[in-house]
Each structure stands twice: as structure tokens, then as C-alpha cells.
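Chemist: So the protein sequences, as listed, match chains A and B. If you count the first sequence from 1, position 12 lands on 12 in the working numbering, and the numbers rise without skipping. If you count the second sequence from 1, position 3 lands on 3 in the working numbering, and the numbers rise without skipping.
Check each hint, because a few of them may be wrong.
25 Å max Cα-Cα, derived SDA-like pairs, lysine to any residue [what the hints assert, rightly or not]:
#1 68(B) - 28(A)
#2 53(A) - 37(B)
#3 53(A) - 22(B)
#4 68(B) - 123(B)
#5 26(A) - 61(B)
#6 53(A) - 28(A)
#7 68(B) - 38(B)
#8 26(A) - 22(B)
#9 26(A) - 27(B)
#10 53(A) - 43(B)
#11 26(A) - 23(B)
#12 26(A) - 20(B)
#13 53(A) - 26(B)
What the hints contain is simulated information worked out from the structure, not anything from laboratory work. Note that this is a predicted model, so its numbers are computed, not measured.
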Amino acid sequence: MSASEIPILRLGTVLLAGLGSELDDKTAVLFADELSRQVADTGARAVVLDITKLDVIDSFAARILVEIATMARLLGARVVLAGMRYPVAITLVELGLGLPGVLTALSVEHALKKLSTPESPRERPGGSRVR
Amino acid sequence: MSDSRVATAGEGRVSSLPIRAEDDLLAARHAVRAATLEAGFGLVAQTKLVTAASELVRNCYVHGGGGKLVIEHLVPPPRAGLRLTISDQGPGIGDLEAALTDGYSTGAGLGHGLGGARRLVDEFHLDTSPERGTTVVITRWVN
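Next up, chain A with everything else stripped away, as it sits in the complex (with noise of 0.2 Å):
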């Protein structure tokens, strides 16, 4: 467990975390704390944020999770948020924010499916939605 209380799995050379339906801010900046510390310890390629039950993501929340992916890309591995709610997309587009730079996927299994190819050159840095 994390000291997030977020629980991090390794699944090989790939980190997944799984997000609630509530984010608050003190979380995630532990969250994205122990995250980065993990990419680190364990040389982990990749990270994938499940993020299907999270219902709202604001401003402050996409923040964090713009910062992880240039955490974790400047440790060496990629980010991959799976499985976006459609009402979140619609909202974060309205605020202006298409979190640059963040892998998207249909679901966990997109994004792992995706992860097994070789990054392709357009995937940085404006970010693409994986499928």
C-alpha cells in the first residue's frame, strides 16, 4: 500500500494504479509522490492510471496528472491514462485542458495492449489517444 493509500501494482516492467471516484488534492500530491518515487526504484517503462470510476477531474487534479507524465517521462518511462469517462472528457475540454503530453486509452486493457508495441515517434509531445 501506498502512502498514498492508492495501491500501485507491478505487473513486469508496467506500474497500474487504480483511481477512486473522489481525488482529492492531498492525495493526489502524495500520490504523485510515491508514484514517481516507484518509477524510479523499479525501472519501471511504464505506468497505467485506471481511471474509469473517476467522476470529476478539475483543474487542480488535471494538473497532477499532467505532472506525473512529466515525472515519469524524465524517469524514463511513459503514462497512460485508461479508460476516461466521456462526461470528464467533454468537461476537461470546456476547461481548456487536454493534458498535454498524457497517453490516453480506451481502457486498462487498450493501454496495455498498446504498451507491448514500440512507442511511436508522433506520441511525443502533444500526446495521442490510444486505441
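Given the structure of chain A, go ahead and fit chain B onto it with the hints provided.
Modeler: Positioned in the frame of chain A, the structure of chain B alone reads:
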């Protein structure tokens, strides 16, 4: 940009929540979500209003030193909807135009909070001054 129509409290039920610190943010989101469900909002409208409330409630305790959230059910006529009033007694917003611009931030966010919240609702009224603090009134109609 003050809103005189906020004094329509006889029309529907009104509830109030204190906003003191971060712990109150989740409670505020839950209360707004429950109100949107009760009012019959669709999933996208629910998410937009809860997200807007989250931005404004965070501003309230980060920049305004705390205050309160008032949730008001608007019943027909003329239309059904929800009105949220987030108020604080803080120092007010110095440069309002800048604060409503994307990318402007004096806090920990991305600077999309205030302007973003405005885009997520149907009506947005903001009153701010060093004497009165800041009051934001947002309304979203059902359908």
C-alpha cells in the same frame, strides 16, 4: 457583476455548507452531485456543475480564507435548475480580468479554475471587492 436575482430563496429548497479547508471540498462535491441527481441533470451536466463547484470551492478556501456554499434548487416557473453561491470574506480578486483568463494563476492550479468554471455553467455572476470579499453565483438549467 453582482446578481440581484440571488434573493429568490422562496422558490426552492436551499442548503448551505461551510467551506473552511480542503476537507470540505469533497463534501461540497458530494452535495452538488446529489443535488444534480435530484434535479434530474444528465451525466454531462452533472459533471460540468460538480467540476465548476470544485474550482470555485477550492478558490474560496485557498484565496478567500473560507466561506460557504449555498445550493438552491430552482423550480419552475420559469425553468428547473440549480444555483450555487460560493462566497468568502477574503481580500477580493485584485485583477479580475486576469483571473478570468486561462493560464493565469496565483495559486497551485493551472489557472483554468475561474474562467473554466464560467464556461461550464449557463449563468455566471461574480462580485468582488476588498470590503465585501468575493461571491460567485453560478446557475445551470436542466436541459
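Chemist: Looking at the structure, which of the earlier hints fail to hold?
Modeler: Checked against the structure, no hint fails, so every one of them is satisfied.
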